[in-house]
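Undergrad: Put together the whole structure using the sequences plus the hints.
2 protein chains.
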Amino acid sequence: MSFKQKIEETSQAKKSSIILALDFPYQNPQNRQSLLDRAVEMLDTVSPYVCAVKINHHLVLPLGTFGGVQTLVDSTHEKGLLAIMDSKVNDIGNTNTVIAEYYFDAGFDALIANPFVGWEEGMKPIFEVAKRRQRGVILLAYMSHKGAVEGYGQSVRDPETGAESKQYLSFARKAGRWNADGVVVGATVPDKIKEIRMVLGEEVPIYAPGVGAQGGGVETALKAGARYLIVGREIVQSEDPAVEAESLRQKAELAKIKNEK
Amino acid sequence: MSFKQKIEETSQAKKSSIILALDFPYQNPQNRQSLLDRAVEMLDTVSPYVCAVKINHHLVLPLGTFGGVQTLVDSTHEKGLLAIMDSKVNDIGNTNTVIAEYYFDAGFDALIANPFVGWEEGMKPIFEVAKRRQRGVILLAYMSHKGAVEGYGQSVRDPETGAESKQYLSFARKAGRWNADGVVVGATVPDKIKEIRMVLGEEVPIYAPGVGAQGGGVETALKAGARYLIVGREIVQSEDPAVEAESLRQKAELAKIKNEK
Numbered sequence: 395m396s397f398k399q400k401i402e403e404t405s406q407a408k409k410s411s412i413i414l415a416l417d418f419p420y421q422n423p424q425n426r427q428s429l430l431d432r433a434v435e436m437l438d439t440v441s442p443y444v445c446a447v448k449i450n451h452h453l454v455l456p457l458g459t460f461g462g463v464q465t466l467v468d469s470t471h472e473k474g475l476l477a478i479m480d481s482k483v484n485d486i487g488n489t490n491t492v493i494a495e496y497y498f499d500a501g502f503d504a505l506i507a508n509p510f511v512g513w514e515e516g517m518k519p520i521f522e523v524a525k526r527r528q529r530g531v532i533l534l535a536y537m538s539h540k541g542a543v544e545g546y547g548q549s550v551r552d553p554e555t556g557a558e559s560k561q562y563l564s565f566a567r568k569a570g571r572w573n574a575d576g577v578v579v580g581a582t583v584p585d586k587i588k589e590i591r592m593v594l595g596e597e598v599p600i601y602a603p604g605v606g607a608q609g610g611g612v613e614t615a616l617k618a619g620a621r622y623l624i625v626g627r628e629i630v631q632s633e634d635p636a637v638e639a640e641s642l643r644q645k646a647e648l649a650k651i652k653n654e655k
Numbered sequence: 395m396s397f398k399q400k401i402e403e404t405s406q407a408k409k410s411s412i413i414l415a416l417d418f419p420y421q422n423p424q425n426r427q428s429l430l431d432r433a434v435e436m437l438d439t440v441s442p443y444v445c446a447v448k449i450n451h452h453l454v455l456p457l458g459t460f461g462g463v464q465t466l467v468d469s470t471h472e473k474g475l476l477a478i479m480d481s482k483v484n485d486i487g488n489t490n491t492v493i494a495e496y497y498f499d500a501g502f503d504a505l506i507a508n509p510f511v512g513w514e515e516g517m518k519p520i521f522e523v524a525k526r527r528q529r530g531v532i533l534l535a536y537m538s539h540k541g542a543v544e545g546y547g548q549s550v551r552d553p554e555t556g557a558e559s560k561q562y563l564s565f566a567r568k569a570g571r572w573n574a575d576g577v578v579v580g581a582t583v584p585d586k587i588k589e590i591r592m593v594l595g596e597e598v599p600i601y602a603p604g605v606g607a608q609g610g611g612v613e614t615a616l617k618a619g620a621r622y623l624i625v626g627r628e629i630v631q632s633e634d635p636a637v638e639a640e641s642l643r644q645k646a647e648l649a650k651i652k653n654e655k
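Protein chains in written order, with our numbering: chain A, 395 to 655; chain B, 395 to 655.
No wet-lab data here; the hints were simulated from the structure.
Note that this is a predicted model, so its numbers are computed, not measured.
Be aware that one or more of the hints could be misleading.
No distinction is drawn between identical chains; accordingly, a pair holds when it is met within one copy or between any pair of copies.
To be verified - Restricting the straight-line Cα-Cα distance to at most 27 angstroms, the calculated cross-link-like pairs of lysine-lysine (DSS-like) are: (1) Lys-568 <-> Lys-540; (2) Lys-408 <-> Lys-588; (3) Lys-560 <-> Lys-540; (4) Lys-518 <-> Lys-560; (5) Lys-525 <-> Lys-540; (6) Lys-617 <-> Lys-645; (7) Lys-518 <-> Lys-540; (8) Lys-408 <-> Lys-655.
TA: Structural data, given as structure tokens:
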């Protein structure tokens, strides 16, 4: 079963389209054990309300891939959830392959990568490793921060056809062609979600980060065509993460029912 | 003293423009200790012939930032060399800051980042952390692999001026404007090195990876305007890394003298 199918099933079973971004602020790396304890506790608290967990360098750098992060991935799986590594891989193929092998060894079900590096000797080797190991690749299409307009939002000329197009639409088309398991589009740019959804249909689901702390709205993002919402600070830094996660989950389920009508 | 000045001085003192990319092929993460031993040995063997060491995920993922990689960074400094983290950072500012803090905590003197993420809430926070901690930021301008043409090589339209330009020249101009400590341009594309050098002059030095294993030539890259050569597999996977590194160092020194004439 592909990652795309696995997360769809998990999401339906758990009645949740929320992905927990297990991101904690920088802290003195001397306190690694307390950071790991905090992450384990957050995962325990929030796991009933989400379908997957996304881990980034906030945890990989202080805790290490093997040991710390692997423990969290194992625990994620034990709770019946999927684990996504938000590595935003953007190196040459040879290096991308090494990165993918190590993260898949640590148990991750999918990796996030940046299609800007191109196919030959870039993304192709990652897709090959993922296919061989039955894991997923999710591509960036438009990020949630202001500066995204400079790169993701720029107009580019297709070297083959000569036609001018927006970078994010070019990325979306590549995601379709390369058979990616999903694309990331910021919840802060619902108009872009809508446009990308027009390109990809239901074939390549949209993952939208940036809800809450960064200003994106649950209903707006889902109405525009996002399939999953990635939420970090809004849950992790709230006073009651379980209540916050359950409230977001419910909001998303209601919005989905509304959209289906 | 800025990172740009530090590496210039180190390079002159050591009479070497070679940066060792301490990259090893993927291996079973169970064998972490043997990988660390191998990296320490390679560093000991090659350090007399290089001015800096570049570390990538090949080591960070299996060894961990703190512990394994930090040991290598400490050893790099003890040998009077500088340590560069090839993280190709390309996340939102909040995450980029966390990444930079951890890598700088581990002792790295500079980070490599991808200017594609843009300035506001993207690169700006990294430059701020680097400035506060007196470290460097080196930006990608054109990479050494085939697929680079899709992204780095594409034509883009400047959202402000409306003028069409090559992506790598747009990145080079940003590197100048943002006061980066260097740009990375593949040794495999000497024509691009030349064009970027025309944009940046001597203000922002060019780091060229891809010599040897990837097909780039030492003399061609330096003649085109590269200041430093990043060499990995060509040294690390050679039968005699010290001989190979010294041979590359000499070749580069001769090419530099030739260029000055």
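Undergrad: Given a CA cutoff of 27 angstroms, do Lys-518 and Lys-560 count as a within-copy pair, a between-copy pair, both, or neither?
TA: Cα proximity of Lys-518 and Lys-560: in one copy and across copies (22 angstroms, 24 angstroms).
Undergrad: State whether the alpha carbon distance between Lys-617 and Lys-645 is at most 27 angstroms within one copy, between copies, both, or neither.
TA: within (12 angstroms within a copy, 61 angstroms between copies)
Undergrad: Evaluate Lys-568 and Lys-540 at a C-alpha cut-off of 27 angstroms and name the case that applies: within, between, both or neither.
TA: both (23 angstroms within a copy, 16 angstroms between copies)
Undergrad: Checking Lys-560 and Lys-540: alpha-carbon separation at most 27 angstroms within a copy, between copies, both or neither?
TA: Both, since 16 angstroms and 22 angstroms are each at most 27 angstroms.
Undergrad: If the cutoff is 27 angstroms on CA atoms, where do Lys-518 and Lys-540 land: within, between, both or neither? Let me know, please.
TA: between (29 angstroms within a copy, 11 angstroms between copies)
Undergrad: Checking Lys-525 and Lys-540: alpha-carbon separation at most 27 angstroms within a copy, between copies, both or neither?
TA: Between. Shortest inter-copy distance 22 angstroms satisfies the 27 angstroms Cα cut-off; intra-copy 34 angstroms does not.
Undergrad: Checking an output row: Lys-408 and Lys-655, CA cutoff 27 angstroms. Within, between, both or neither?
TA: Close inside one copy (21 angstroms), not across copies (71 angstroms); limit 27 angstroms.
Undergrad: How do Lys-408 and Lys-588 come out at 27 angstroms by Cα distance, when the copy is not named: within, between, both, or neither?
TA: within (26 angstroms within a copy, 56 angstroms between copies)
The structure meets every hint from the earlier list without exception.
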